[in-house]
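Q: Please build the complex by placing chain B on the supplied structure of chain A, with the hints as guidance.
Protein chains: 2
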Amino acid sequence: MAEDYQKSKNQAIQEISKKIRLSFLIITLVIVTLFVVVLNHIYGSYSLSLAFLPDISVAMIVGIALFLSVVGLVFSIGISRQVLRIIHDYSSRLEKILNITRDLREEIYGDILLEKIMDYALAITSSQAGSILLLDGDSLVFKIAKGQKDQELIGTSLKKGTGICGWVADNAKPIRIIDAAQDKRFNPEVDSMTGYETKTILCVPLKTNSEVIGVLELLNREGGFPYRERDEEIIMYLAEQAAISIIKTKFYEDQKNYEIHLTEMLLEAIDFQIPEKRGHSRRVARYSNIIARGLNMSEAERKKLYLGSLLHDVGFLKINSDETFKKEEYTRHPVVGYEMIKPVNFYADIAPFILYHHERYDGYGYPAKLRGEDIPLEARIIAIAEAFDAMISHISYRIPVSFQEAVDELRQQAGAQFDQELVDIFVTNIEPQHIKV
Amino acid sequence: MAEDYQKSKNQAIQEISKKIRLSFLIITLVIVTLFVVVLNHIYGSYSLSLAFLPDISVAMIVGIALFLSVVGLVFSIGISRQVLRIIHDYSSRLEKILNITRDLREEIYGDILLEKIMDYALAITSSQAGSILLLDGDSLVFKIAKGQKDQELIGTSLKKGTGICGWVADNAKPIRIIDAAQDKRFNPEVDSMTGYETKTILCVPLKTNSEVIGVLELLNREGGFPYRERDEEIIMYLAEQAAISIIKTKFYEDQKNYEIHLTEMLLEAIDFQIPEKRGHSRRVARYSNIIARGLNMSEAERKKLYLGSLLHDVGFLKINSDETFKKEEYTRHPVVGYEMIKPVNFYADIAPFILYHHERYDGYGYPAKLRGEDIPLEARIIAIAEAFDAMISHISYRIPVSFQEAVDELRQQAGAQFDQELVDIFVTNIEPQHIKV
Chain A
1 MAEDYQKSKN QAIQEISKKI RLSFLIITLV IVTLFVVVLN HIYGSYSLSL
51 AFLPDISVAM IVGIALFLSV VGLVFSIGIS RQVLRIIHDY SSRLEKILNI
101 TRDLREEIYG DILLEKIMDY ALAITSSQAG SILLLDGDSL VFKIAKGQKD
151 QELIGTSLKK GTGICGWVAD NAKPIRIIDA AQDKRFNPEV DSMTGYETKT
201 ILCVPLKTNS EVIGVLELLN REGGFPYRER DEEIIMYLAE QAAISIIKTK
251 FYEDQKNYEI HLTEMLLEAI DFQIPEKRGH SRRVARYSNI IARGLNMSEA
301 ERKKLYLGSL LHDVGFLKIN SDETFKKEEY TRHPVVGYEM IKPVNFYADI
351 APFILYHHER YDGYGYPAKL RGEDIPLEAR IIAIAEAFDA MISHISYRIP
401 VSFQEAVDEL RQQAGAQFDQ ELVDIFVTNI EPQHIKV
Chain B
1 MAEDYQKSKN QAIQEISKKI RLSFLIITLV IVTLFVVVLN HIYGSYSLSL
51 AFLPDISVAM IVGIALFLSV VGLVFSIGIS RQVLRIIHDY SSRLEKILNI
101 TRDLREEIYG DILLEKIMDY ALAITSSQAG SILLLDGDSL VFKIAKGQKD
151 QELIGTSLKK GTGICGWVAD NAKPIRIIDA AQDKRFNPEV DSMTGYETKT
201 ILCVPLKTNS EVIGVLELLN REGGFPYRER DEEIIMYLAE QAAISIIKTK
251 FYEDQKNYEI HLTEMLLEAI DFQIPEKRGH SRRVARYSNI IARGLNMSEA
301 ERKKLYLGSL LHDVGFLKIN SDETFKKEEY TRHPVVGYEM IKPVNFYADI
351 APFILYHHER YDGYGYPAKL RGEDIPLEAR IIAIAEAFDA MISHISYRIP
401 VSFQEAVDEL RQQAGAQFDQ ELVDIFVTNI EPQHIKV
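Heads up: the sequence lines are chains A and B, in that order. Each residue of the first sequence is one higher than the last, beginning at 1 in UniProt numbering. Each residue of the second sequence is one higher than the last, beginning at 1 in UniProt numbering.
Just chain A, same shape as in the assembly:
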């Protein structure tokens, strides 16, 4: 694409250069004419005979010189102005693309990204309607449609290879059509579905590294004008940037999906492999969040705490299932969990919450016997949430106590096993209906 731009610019420069050469010719002519006039005037007055001069009056010659001179100058100025227009037009388009590229790059949601691409394409080309179709197997699926009855199109699909869009996707080439009805590739079905009358079309492939992922179609440029080469050029550039962005947001969304499902798998593995702890991790996360809200933690901090709470017992997955409740094995789980989570870049922040969630405020916990504020805040929160759930739930071998008994026990341990302030916040905010078994 950049080569295409280069070409257009070079064509413009060539045209201008041609005009500059023409101005040079005019200047030369003017100078020669004036020179002749002067020679004639000076030497003529001294009666020097210039045989080659035709017998016309000096007035006539000066008149011609005047005329040519003015024409030449006006012409030169015209060129300068034209060049200015070209700079303006050309660089505005590049700047527009740079700004659009930045905007598309920063968009992380696939749906919004497609909306933006469509809106930019419509605005740049002054089109009345348009759509974005993405390849899904052998079909081109309408992801965005703007125009009449656009909502009916979303989700419907065209078979690859049929219609203008199919041709563009198959050939990975752009197409401009002046009168759709006259083009044998045009498939009038969509129009008959939407009741829209397609006249002019500009359709370009969305491709990355030679792989076509879909097409961008623009319909009916305003005023009934056909799409120009420069419309195609700029939309091709937009389409290229758009295709990269579509791939990137897809990756981003897949990554979120991956993270959600893999965390879920780990939690389910804990639930199924250590049935004594079923549901414990999720409940601890819920209780931790009650304290986090009481502390007015930011959303980002609460999110980290929530994830740390969900994974606080992940270490059990690396302790042999038949030895989980042997004391020397059981007490290894914070360190084992920490070592599992620490090397995960996305989770490096939460690893200490896991490592220290069995520390006690009075320094008699494990594994590091940290004391008081030396224990990370989040680990102190998880300790309370975890102890509360252990008391009221059917986990491990103990018989659960009542809500009130659990609250009383926390109060009693405040300042010893637990952080006094955090216990206060928890018991103030926890209510019996928060407990779902």
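Just to be clear, a hint being listed does not mean it is correct.
Because identical chains cannot be distinguished in the list, a pair is counted as satisfied if it fits within a single copy or across any two copies.
Stated by the list, open to error - Below, simulated SDA-like cross-link-like pairs (lysine to any residue); rule was C-alpha separation at most 25 Å, straight line:
1) Lys-277 <-> Val-141
2) Lys-342 <-> Tyr-109
3) Lys-303 <-> Asn-209
4) Lys-327 <-> Phe-225
5) Lys-250 <-> Tyr-338
6) Lys-342 <-> Phe-403
7) Lys-207 <-> Glu-253
8) Lys-18 <-> Gly-78
9) Lys-303 <-> Glu-211
Hints are computed from structural coordinates only; laboratory data are not their basis. Note that the coordinates shown come from a computational prediction; the quantities given were computed from them, not determined experimentally.
A: Then chain B, alone, in the frame of chain A:
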């Protein structure tokens, strides 16, 4: 940044417009002069007295007209050429940035990305040396350095707030310095370390959405010239694109890291929770790969098969650990594993390998009783690899058989339990030393 470009362009346009107005003035002067000459010539010859004309010879007037005319025309052409240079320069820079942006966008490896950013920045500004430093807590760490003794700098760090780079990172503003030694912010330590003499500096922040992630520093523009405003402008734009790309490649790398560690966690969970199967998944993946190579599968296909083999028993994580080897529970694991993996977009392709790895070629397997080629190739491969490992390893309750006995058993089941062709490939390529317990 785009506004800055806009401004520079508008300034250029204003200058040109001014020159065009000046040419108009010259043209007007030339026309008036010539007009006077003509009037004088025509009416003068008819002895019409023009009182306002000074008493100079017609030759003189024509000479002046000639001179002004030529000056005016040459001047106009000069403007056209200057405008052409500006177009060329300005749009080349934008095009360069568009091409660079595309190149940076497509780079997925963080190290190569930084190298590219550095090389582009050096080339665009004709700088002799430069470096990229990224913020890590309170330090700016040298990630890339080009120039003398550059390798010694990599990995060393500057305290945030010290030196030129520190100033730029703190203030999130670019800086241009003509003589480093004269600037009180300049920290000569790096020079004394590298033996390099820094003279001119252009240092810009690497920032995204107002967050500074590092700085890009360029030293000693060639020829000893100071950096110009336009160098700063283009490097600021490059830095902006570079910063987005740095963040994106970091995310991409973190995602890979996440995928590796989370897959590892699942495998370890299987190993620890079902000790009877310890190491089984990794060995099956190795054996599957032997068949894949024998089939000349592409690297991408082999990668998918490898991952599918690693995760073929993931379903066991969602079967209660004390019921794993009860037949009705055991035979659920392909379906359970499939349902775990199917919703993971990155893994959707491999879900069928998991679902069908207990099908038999003769149609007597489970869960779907598929037959022959209806079973996906990868599932047929995993079936052989898994059976082989089950025979020769200490997994489950069986006593392992010898390498030769296992090979013979596979041969015997070829065409019945297993795909004949795949068994042939496996037994041809497997050797006793491939088996690590």
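Q: Flag every earlier hint the structure violates by its number, smallest first.
A: 1, 4, 6
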